[in-house]
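K.L.:
Here UniProt numbering is used: the first residue of the sequence shown is 1, the next is one more, and so on.
Because the hints were derived from the structure by calculation, they are not lab data.
Among the hints, erroneous ones may be present.
[As the list claims (entries may be wrong)] Think about it this way: if two alpha-carbon atoms lie no more than 25 angstroms apart in a straight line, the pair counts; the simulated SDA-like pairs of lysine to any residue are:
hint : residue 1 : residue 2
1    : K133      : K188
2    : K188      : R173
3    : K345      : G316
4    : K307      : S191
5    : K280      : E326
6    : K133      : M268
7    : K210      : M268
8    : K75       : E109
9    : K347      : G336
10   : K16       : D79
11   : K345      : R276
12   : K210      : S357
13   : K296      : M268
14   : K75       : S131
15   : K210      : K16
16   : K75       : I97
17   : K188      : D309
18   : K133      : M22
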Amino acid sequence: MACKILVLNIGSTSFKFKYFNMDDLSVIASGKINSVFSKNAGCNFLSGDTEKSTVFDASDGYGTCLEMIIDFIDKNCADGINGVSAIGFKTVMAGGINYPCVIDDAVIEKMQEYSASAPAHNAPYIEAVNSVKKYFPNVTLVSSFETAFHNTIPDFASVYPIDKDIAKKYGIRKYGFHGAAHSYAAYKFGSEKNIVSVHLGGSSSVCAVKGGKSVDVSMGFSPQSGLPMNNRCGDIDVFAVLYLMEKENMSIDDARKFLCTRCGLYGMSGISNDLRDIEKANDTLVIDAFTYSVSKYICSYLAVLGKIDVISFSGGIGENSVIVKEKICSRLKFLGVELDSEKLKHKPAGEPYKISSDKSKVEVYITPVDEELMVAKNTYAFAERR
């Protein structure tokens with residue numbers, strides 16, 4: 001029987017899946033559920049020529065969503081759910097457990113320990129894993145942590161300048177995130193290229209890739225660091241936070257909530273955490289601040305890589321916003337970056353699409369990433385080693 005991997009990609013209010021035949025990496029089934037925890041959750045599933053779209057009550061959370069997915073696979077895929085060889089999760093953070101592993105009680109406990117550092121991610125995954133265990137008690141559940149791709153970052157680039165004993169005791173260092181997205185860019189462009197992977201969406205990060213491996217990334221200890229994001233502040237002087245806590249009489253929980261909900265694009269604009277709304281409002285300050293931050297990280301990675309062969313844009317903003325790519329690349333002219341204005345308007349699906357001109361000294365691409373594929377490959381490789 002072919003090895004078939006089910007990949008689950010959990011968001012705070014979304015639930016995506018892809019079901020792969022690992023013999024040829026073909027997709028057997030896929031789908032997405034939006035508005036989890038609401039009475040009007042919507043699902044869109046596909047397997048071959050069979051489609052399913054419906055609205056249902058998912059107010060009890062991931063359990064009902066999982067039942068919908070299982071029912072669809074069971075009715076529309078060969079061997080049904082009995083064909084599932086292993087299940088891979090695009091988990092986010094568990095401190096020092098930053099490699100593919102079986103999800104056992106120790107891993108869950110570690111994810112809970114770091115939930116405060118990844119509040120939008122860890123809790124949903126823990127709940128979803130517990131639901132999956134009930135339905136697949138005999139199937140191996142594999143965690144493909146978003147931090148795993150960044151294990152190759154040198155110590156001098158991941159160490160924080162704080163007391164080394166405290167740092168070691170609590171695992172405080174740069175971990176990096178968006179590993180599935182950045183590793184996909186490495187996978188598509190090959191190990192001979194020096195790549196800057198620019199993943200811009202609800203959360204965003206920039207990664208330097210050399211020899212197919214991550215050598216630096218904008219996110220650090222938590223997914224709240226680096227670039228300004230939807231509601232997240234990104235890089236900020238820690239003493240500004242301490243000052244704010246003192247002036248506003250904030251508790252640690254208050255400060256954490258503030259940094260995760262009232263900052264980033266939403267905080268700067270006061271309009272929305274969605275860049276499309278900010279573009280419509282023509283809020284140039286926010287757009288300039290965001291794109292400046294991205295350009296600055298790209299330029300800093302010139303010193304890390306020595307030269308840049310490829311800049312790859314991915315994510316909802318990276319793929320779709322013309323003005324963001326134009327502004328970012330306008331600051332990279334000294335590198336010989338030149339965009340093709342006609343190609344820039346194209347919205348590709350599938351393979352990377354080149355948007356730089358023939359004269360450009362750096363190749364620039366829009367890359368629709370397949371995060372689930374990278375999780376499937378990690379899950380398969382881990383299962384094969386066991």
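K.L.:
Which numbered hints turn out to be false for this structure?
P.N.:
Result: hints 1, 2, 6, 7, 8, 15 and 16 break, sorted rising.
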